[in-house]
Amino acid sequence: MRTNPRRSLKAVQYLLLIWFVVLVNFLLPRILPGSPLMYLAGEDVGQLSPVERKELLSRYNLDQTLPVQFAEYLADLVTLQWGRSYSQNAPIITLIRNRLPWTIVLALMSIAFSAAIGAFLGIRAAINRGKWPDIYLLLTVSFLGSLPAFWLGMLLIAVFGVRLNWLPLFGAYTAGSGFTGLQKMLDIAMHMVLPLLTLTILSVGRYFMTMRYSLIEVLGEDYIILAKAKGLPDRIIRYKYIMRNALLPFFTVLMMDLGFVLSGATVVETVFAYPGLGRLMFEAVAARDYLLLQYSFFVSALLVILFNYLADRLYLYLDPRLGEET
Amino acid sequence: MTCDNRKKQLPPALIGAVILGFFFIAAIFAPNLAPHNPHQIVGAPFSPPGAGHLLGTNDIGQDIFSGLIYGSRLSLSLAVLTAALSTAVGALLGLIAGFLGKSIESVIMRCADFILVLPFLPLAILLAAMWGQGFFQIVLIISLINWPATARIVRAQVLKIKAKGYILNLQAIGAGTGYLLRKHILSEILPLLIYRAMLSASYAVLTEASLSFLGLGNPLLNSWGSILFYAQARNAILTSAWLWWILPPGLCIALLSAGFLFIGLYMETYANPRIMRVQ
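Protein chains in written order, with our numbering: chain U, 1 to 326; chain Y, 1 to 279.
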């Protein structure tokens with residue numbers, strides 16, 4: 001099969017994005033004010049002996065020239081030797097590997113729920129477009145989207161956790177419970193309800209808006225009017241003509257939403273003490289552990305770029321028209 | 001029909017204007033309105049609402065209601081500054097990209113794409129942790145994250161306007177770029193710029209609150225987000241204090257952010273002909 005020029009151009013663009021992230025990750029600690037030692041060892045740096053300082057500098061190749069530093073950095077990046085977190089006293093890669101699955105499950109589930117609810121409401125609103133229920137739905141949903149994520153989480157904890165005592169207050173599972181099998185699954189699910197609910201409430205608006213706008217737009221196209229004029233049955237117009245075309249932008253938003261969800265997850269995980277990547281970032285900030293912070297960001301950026309790339313690839317299959325443009 | 005749709009978006013925009021007016025008054029007349037100095041210890045710690053303290057006191061005995069009133073100063077000035085800065089930069093770069101094209105366009109748009117693809121809150125956290133957490137640093141950080149969306153929309157709009165017949169005609173009879181910009185393009189993209197500015201202000205309020213809540217704000221500035229940071233740190237969630245210590249600051253954040261957003265959504269009906277065409 002002939003390679004698609006547009007497709008390979010896309011791949012180059014994404015590689016460029018990744019290269020940018022890798023570069024920023026190298027440059028940030030080097031162009032910022034303050035000693036690199038503080039960056040690596042935090043505020044305890046004053047207590048280090050001269051020998052320890054020297055050893056720390058050479059462990060991170062900071063006594064070398066910049067090009068050598070960069071080469072060493074690239075080699076370490078690829079071999080996953082990202083250094084140690086001094087505040088958690090563990091290799092950074094291990095910390096991130098332990099936290100990542102929680103965030104990914106939380107993010108994907110919230111995307112699935114909010115996409116389903118948002119699409120349902122968006123279709124309703126588009127059918128009633130311009131009428132009062134549509135405007136009210138639009139306002140309610142955009143108001144929900146402007147709630148502070150962490151505050152919504154705090155309220156849900158105060159009401160459902162503390163007041164009503166229906167759900168656990170924090171964490172991803174009951175520590176030291178010794179639960180196994182089904183009981184353990186149930187425990188994990190119960191802990192996930194409130195963080196998931198918070199993220200879903202915040203995200204519904206974006207899907208609602210996208211679905212509403214793209215449906216309204218398709219409804220105004222000439223080919224829909226033509227299809228009606230031809231006397232095609234409503235069912236065919238609705239599914240083959242309208243939904244098929246309105247789903248494309250909706251799908252793009254769905255796949256590109258991970259950046260938003262990861263942003264929300266950072267504060268939501270913090271409120272719920274949920275052991276994901278976002279909470280790890282907060283812990284790094286609180287301990288002024290810059291190296292850990294930097295790599296947590298690095299991983300979330302890579303994750304989002306990867307998702308965007310997958311979205312683009314899938315989009316070409318869903319909308320073959322795109323592949324023909326060169 | 002298009003006007004009809006716009007008419008229906010008007011009440012929320014008016015609600016938004018009332019909300020903004022309310023907070024502007026609170027911010028300007030804070031010393032007259034606030035019963036206490038928000039930095040002073042004026043009562044017993046953790047007092048519930050009652051005589052002299054409308055919303056009780058916090059963990060060290062400062063008046064929470066006064067803190068909220070003074071907090072509106074910080075949130076409003078931050079929102080206005082950030083909106084102005086990010087919209088100005090975004091508009092300028094969008095105009096340059098749309099007008100000049102070629103390699104400068106691709107440099108600007110690549111940078112915009114790069115920032116747009118990154119998860120914005122983690123990026124803001126990283127920058128705030130490394131650059132420091134003063135008021136102006138936060139303004140710069142949020143502007144840095146907000147300009148690309150504006151630049152993209154402005155560029156697309158400029159390309160569309162440039163292709164219009166009358167602009168080509170004007171160019172043919174010798175109208176310069178500066179003249180076209182001043183007389184025709186700016187007036188055409190103005191609703192779009194107001195829309196983007198309102199959206200940026202709305203994001204700025206939320207992002208500042210999130211940063212302060214994570215302990216990345218300036219603790220001396222008493223923003224609504226930092227009130228919630230202390231409430232969380234003192235476990236106000238577990239006591240009935242959540243009703244007066246957690247609920248009100250969050251409502252302020254949500255209302256102010258929604259106020260900007262509602263006005264923005266109304267402006268969008270002028271800025272985006274796509275929404276209107278369908279009716």
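Where hints are given, some of them may not hold.
Subject to a maximum C-alpha distance of 20 Å in a straight line, what follows is the list of computed SDA-like cross-link-like pairs (lysine to any residue) [claimed, not checked]:
1) 10(U) / 161(Y)
2) 10(U) / 164(Y)
3) 131(U) / 162(Y)
4) 7(Y) / 9(U)
5) 10(U) / 302(U)
6) 228(U) / 240(U)
7) 183(Y) / 161(Y)
8) 131(U) / 13(Y)
9) 162(Y) / 140(Y)
10) 164(Y) / 101(Y)
11) 102(Y) / 16(U)
12) 164(Y) / 149(Y)
13) 131(U) / 59(Y)
14) 228(U) / 253(U)
15) 102(Y) / 128(U)
16) 7(Y) / 16(U)
17) 10(U) / 107(Y)
Quick caveat, the hints were computed from the structure, so don't treat them as lab data.
Inset, instruction - Hint by hint, work out which the structure violates, then give me just those numbers in ascending order. - result: Result: hints 1, 2, 3, 4, 9, 12, 13, 14, 15 and 16 break, sorted rising.
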